[in-house]
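Asker: Modelling step: build the complete structure from the supplied sequences, incorporating the hints.
Protein sequences, first through last, are from chains A and B.
For the first sequence, UniProt numbering gives the first residue as 1, with consecutive numbering after it.
For the second sequence, UniProt numbering gives the first residue as 1, with consecutive numbering after it.
I should point out that these hints are in silico values taken from the structure, not numbers from a laboratory.
Even glycine gets a Cβ: it sits at the ideal position worked out from N, Cα and C.
Be careful, since some hints might not be right.
[Claimed, not checked] Per label pair, the in silico range of CB-to-CB distance:
(1) A/Pro387 - B/Val181: 48 to 58 Å
(2) A/Arg118 - B/Arg288: 29 to 39 Å
(3) B/Val141 - A/Pro317: 28 to 38 Å
(4) B/Val388 - A/Ala138: 44 to 54 Å
(5) A/Arg380 - B/Ile381: 21 to 31 Å
(6) A/Ala221 - B/Ala285: 39 to 49 Å
(7) B/Ala369 - A/Gly364: 40 to 50 Å
(8) A/Val70 - B/Ala285: 47 to 57 Å
(9) B/Gly153 - A/Asp121: 22 to 32 Å
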Amino acid sequence: MSGPLLEARGVSKRFPNGTEALRQVSLAVEEGSIHGLVGANGAGKSTLFKIIAGALPPTSGQLRWRDADVRWNAPGDSRAAGVSTIHQHIPLVPTLTVLENVYIGELSGVFRKAPLLRRYDELCDRLGYRADPDREVAHLPLGERQMVAVAQALAGGASLVCMDEPTASMANPEVDMLFAAVRRLRADGVSFVFCSHFLDQVLELTDAVTVLRDGRVVTSAATSGLDEDTLVDAMVGRALHAMEERRAEPLPDGAPVLLQARGLTSPGRLDGVDLTVRAGEIVGVAGMLGSGRSELLEALFGADQHCSGTVAVRDQPVPHRVGARVRSGVALVPEDRSRQGLVPAWEIWRNVSLPGLADLSRRGVPDHAAELDRAETAIRDLGIRTPSAETPVAALSGGNAQKVVFAKWLYGDGEVFLLDEPTVGVDVGAKADILRLVRDFAAGGKAVVIVSSAFEELLAVAHRIVVMRGGRVVAERLAGETDEPELLALASGLTTVTGASRR
Amino acid sequence: MTTILPRAAEAARARPAPTLRQRAEPFRLHRAGVVYAFALILLTFTLAAEFTGRPFYLSPVNSANILDQTVQVGILAVIMTICLISGNFDLSVGATAALGAGVTMTVLNAGAGVGVAVLAGLGTGVAMGLLNGALVQLVGVNAFIVTLGTMTGVRGLLFILTDGQSIQTDHSGLGDLFTGVLPLNAKVWVAIAGVVLLVLGLRSLRRERQGLVASGHGPWMVIAGVLVAAVSLAFLPTRWELTKQVYIFLAVAVLAWLVLRFTAVGRRLYAVGGNTEAARLSGIAVARYKIAPFVLNGLFAALVGILYVSRFSAINPQAMSGLELTVLAAAILGGTSLFGGAGNVLKSVVGALILFTLINGFGVLNLGANYQDLIKGVVIIGAATIYVLAERRGQRGRRVTDAGGDPPPEQPAPQTERNTP
Numbered sequence: 001m002s003g004p005l006l007e008a009r010g011v012s013k014r015f016p017n018g019t020e021a022l023r024q025v026s027l028a029v030e031e032g033s034i035h036g037l038v039g040a041n042g043a044g045k046s047t048l049f050k051i052i053a054g055a056l057p058p059t060s061g062q063l064r065w066r067d068a069d070v071r072w073n074a075p076g077d078s079r080a081a082g083v084s085t086i087h088q089h090i091p092l093v094p095t096l097t098v099l100e101n102v103y104i105g106e107l108s109g110v111f112r113k114a115p116l117l118r119r120y121d122e123l124c125d126r127l128g129y130r131a132d133p134d135r136e137v138a139h140l141p142l143g144e145r146q147m148v149a150v151a152q153a154l155a156g157g158a159s160l161v162c163m164d165e166p167t168a169s170m171a172n173p174e175v176d177m178l179f180a181a182v183r184r185l186r187a188d189g190v191s192f193v194f195c196s197h198f199l200d201q202v203l204e205l206t207d208a209v210t211v212l213r214d215g216r217v218v219t220s221a222a223t224s225g226l227d228e229d230t231l232v233d234a235m236v237g238r239a240l241h242a243m244e245e246r247r248a249e250p251l252p253d254g255a256p257v258l259l260q261a262r263g264l265t266s267p268g269r270l271d272g273v274d275l276t277v278r279a280g281e282i283v284g285v286a287g288m289l290g291s292g293r294s295e296l297l298e299a300l301f302g303a304d305q306h307c308s309g310t311v312a313v314r315d316q317p318v319p320h321r322v323g324a325r326v327r328s329g330v331a332l333v334p335e336d337r338s339r340q341g342l343v344p345a346w347e348i349w350r351n352v353s354l355p356g357l358a359d360l361s362r363r364g365v366p367d368h369a370a371e372l373d374r375a376e377t378a379i380r381d382l383g384i385r386t387p388s389a390e391t392p393v394a395a396l397s398g399g400n401a402q403k404v405v406f407a408k409w410l411y412g413d414g415e416v417f418l419l420d421e422p423t424v425g426v427d428v429g430a431k432a433d434i435l436r437l438v439r440d441f442a443a444g445g446k447a448v449v450i451v452s453s454a455f456e457e458l459l460a461v462a463h464r465i466v467v468m469r470g471g472r473v474v475a476e477r478l479a480g481e482t483d484e485p486e487l488l489a490l491a492s493g494l495t496t497v498t499g500a501s502r503r
Numbered sequence: 001m002t003t004i005l006p007r008a009a010e011a012a013r014a015r016p017a018p019t020l021r022q023r024a025e026p027f028r029l030h031r032a033g034v035v036y037a038f039a040l041i042l043l044t045f046t047l048a049a050e051f052t053g054r055p056f057y058l059s060p061v062n063s064a065n066i067l068d069q070t071v072q073v074g075i076l077a078v079i080m081t082i083c084l085i086s087g088n089f090d091l092s093v094g095a096t097a098a099l100g101a102g103v104t105m106t107v108l109n110a111g112a113g114v115g116v117a118v119l120a121g122l123g124t125g126v127a128m129g130l131l132n133g134a135l136v137q138l139v140g141v142n143a144f145i146v147t148l149g150t151m152t153g154v155r156g157l158l159f160i161l162t163d164g165q166s167i168q169t170d171h172s173g174l175g176d177l178f179t180g181v182l183p184l185n186a187k188v189w190v191a192i193a194g195v196v197l198l199v200l201g202l203r204s205l206r207r208e209r210q211g212l213v214a215s216g217h218g219p220w221m222v223i224a225g226v227l228v229a230a231v232s233l234a235f236l237p238t239r240w241e242l243t244k245q246v247y248i249f250l251a252v253a254v255l256a257w258l259v260l261r262f263t264a265v266g267r268r269l270y271a272v273g274g275n276t277e278a279a280r281l282s283g284i285a286v287a288r289y290k291i292a293p294f295v296l297n298g299l300f301a302a303l304v305g306i307l308y309v310s311r312f313s314a315i316n317p318q319a320m321s322g323l324e325l326t327v328l329a330a331a332i333l334g335g336t337s338l339f340g341g342a343g344n345v346l347k348s349v350v351g352a353l354i355l356f357t358l359i360n361g362f363g364v365l366n367l368g369a370n371y372q373d374l375i376k377g378v379v380i381i382g383a384a385t386i387y388v389l390a391e392r393r394g395q396r397g398r399r400v401t402d403a404g405g406d407p408p409p410e411q412p413a414p415q416t417e418r419n420t421p
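Answerer: Structure (structure tokens):
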């Protein structure tokens, strides 16, 4: 074959409301290559994905597949041609088994397992990974689900697999597993489009990278000629990652203890965790998925009903109930914004005022003016990009929605902030804003406990890092005295550092 | 910060007046469809009555009649809407109403006073609601299943209580308390309501001009107030013979609307229904907001049962079967979401009025009762379809929702770039 496998030529997309999501975007994916697609939130990645998948028609421009012009009007068209798209929220059926999910496209008539199993084994050989075919997908960890989704794409005969943020909230060993499979398949002739916020992973995995900004291609080059600096500069047009290199100053002695937890135990989740956080301190919690890091935050917030042990705020014991913890000044920014943090159909102001509604009300009637003031202050303070406080949060991009979740707690009496993966799915610019915000909390004398899969973020922002594994705290380090490989080794239970992750 | 934020003077003046599009929002089809449908039905029946030479359809007598017929379903539709907003579902209201009525009658026949009997009936309803709420919220059984069970079981309990027979009473106390007519001088009172609306509208407009926070509905309130006052002074009767039960119904509806629309309690209820987990993690006592609607449903179901027996002085164990489905139909006509978080009790009331206007109209115009249920079914499905289509059309103009990843920017891209710090 002479030309590229998939080519987009001058593709533009204009939405009926006037938004120009893509302008003259050109992109070429070679056969047997991994093509990275990066850009800040709202840069047009998802729109481009949808056009490639046939879910959206381009306003102008041409899509070419195997040297022929194509016009895909439905996802079925592109799939028949050999393009498979795996969205961020993997569309597997959780109540079916792995095998049934992989072959869901061809289930018909009588379900005969034996021939499918034979083909599944061949497929797993290609993939270099085998998930138990009889397990229900609901019981699989996130990383394995991604592998099952890849297997499903291959079973459907895909020669191009588009992955949207496959590694979001995946722990490093899972990422390595996925990357190994992707490389193996590339050697087999399968092509990939890999879209991610993790630039180190993009650099590690891909052969070529296209950077989108505001719907335009700003860079398109072979990966070998790029580094993180050039990528970030291309994405946001400024160098802002300097702050991530900084380490927090050590905490002055004698700061009062704000949060003290003793012997937090919850069956199958936590196993005797002690934690002390002082005023002005940021404590990072490092750990793999399922290490008990999110469970620790839930227990601290009183959201775990089976939890035993004591939690005291300013030396006052607080019972294990969310209401009591909130009243004593504990605030949680949960991991899953749309499911746990926001009422999606509500406007920004209504979401922001929800936890503080009692304070904003006079005789049980919310003061609408005060609510709007609070939301507008938040929009200014946090740099939330929105036309007004009346915008429903469902219409905001990931980073802006996350800022709204922060804003919910910002103007109350919160003293202890529990942050669960505050930067997942957030673009570089918003990430820097959020980390700055976290530092400001601490500078204002509040206590912060932050959980993140991105250990370099913990290192950049925290004073002290506790490492969790199997529901226990296995180590504790000052941020200035440790580094990413050590944290990784501690969190994964290794004694020496391994893994493909770039440093 | 525990106090109300002081408003900065310059911020106050910066607040722009709402655009015409924002002002027109409440009138869009998916928001006000049920009101349009009601108006259309009334118009149809009125014209049909004129052309067939029958008396004026919306005469004081007939309109009072429609209201009176709507009372039971109307009250329950209001409370059912609260339950649906909280994200739950209650099928047991018809059975609970019958049980509450049965208990009241039994206690009354045992020689107790009316007050005691009514309290016993209402208490039974509250107990049923607590049972439903506890099973749903504290044990975690699906609300549909729980209330399907209590619906059947409570009906069975009533059969045991009555041994399958009708209960009757000679006691006139209930009838004295809950039936009868309280004539309303509609000309005066509706005109006063119009003037109040006018004043509220003017106040809203003044706040807008001062740059204060306002609903943006000022102009409509002024126009509506003037129209209501004029029409009532010109056409409404000085003696509108409404039954006592209609007043109870309207009071329940207005009170529920005020609480849901204007109080923190109402806001939290919508939050609990809109996203239970987010509400819980915002420190809201979710269990309270999930159980209370069931208790209210039980309480008001029992009240409706008592209103029912106060008319007939008798109840058979099959009375009010299927009531819950009519109530749900009214709530759905009113645009209440079955998934929680959205709904308006006044629109549910209009939904109930539609259902009973249809029944009434078919009777008055002598169109044949056989067609009634068919028409009702068509109206329910038609309303739901229109809501879905109108909502979809409304969204298409605004933005393309995104299931997978980053949504396209809300604003055109150049503006986004300028906003980048």
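Asker: It remains to establish, for every hint, whether it holds in the given structure.
Answerer: Each hint, compared with the structure:
1. Checking the proposed 48 to 58 Å range against A/Pro387 and B/Val181 shows it holds: the Cβ atoms sit about 54 Å from each other.
2. For A/Arg118 paired with B/Arg288, a C-beta distance near 56 Å fails the hint of 29 to 39 Å.
3. Separation of B/Val141 from A/Pro317 is about 34 Å and conforms to the stated range, judged on CB atoms against 28 to 38 Å.
4. The given range of 44 to 54 Å is broken by B/Val388 and A/Ala138, whose C-beta atoms sit roughly 30 Å from each other.
5. Against the hinted window of 21 to 31 Å, the Cβ-Cβ separation of A/Arg380 and B/Ile381 comes to about 47 Å, which falls outside the hint.
6. For the pair A/Ala221 and B/Ala285, the beta carbons lie near 56 Å from each other, so the given range of 39 to 49 Å is not met.
7. At about 47 Å, the beta-carbon gap between B/Ala369 and A/Gly364 stays in the expected band of 40 to 50 Å.
8. Under the hint 47 to 57 Å, the C-beta atoms of A/Val70 and B/Ala285, about 56 Å apart, fit the expected range.
9. Look at B/Gly153 against A/Asp121: about 53 Å separates their beta carbons, and that is not inside 22 to 32 Å.
The structure is inconsistent with the numbered hints 2, 4, 5, 6, 9, although it conforms to all the rest.
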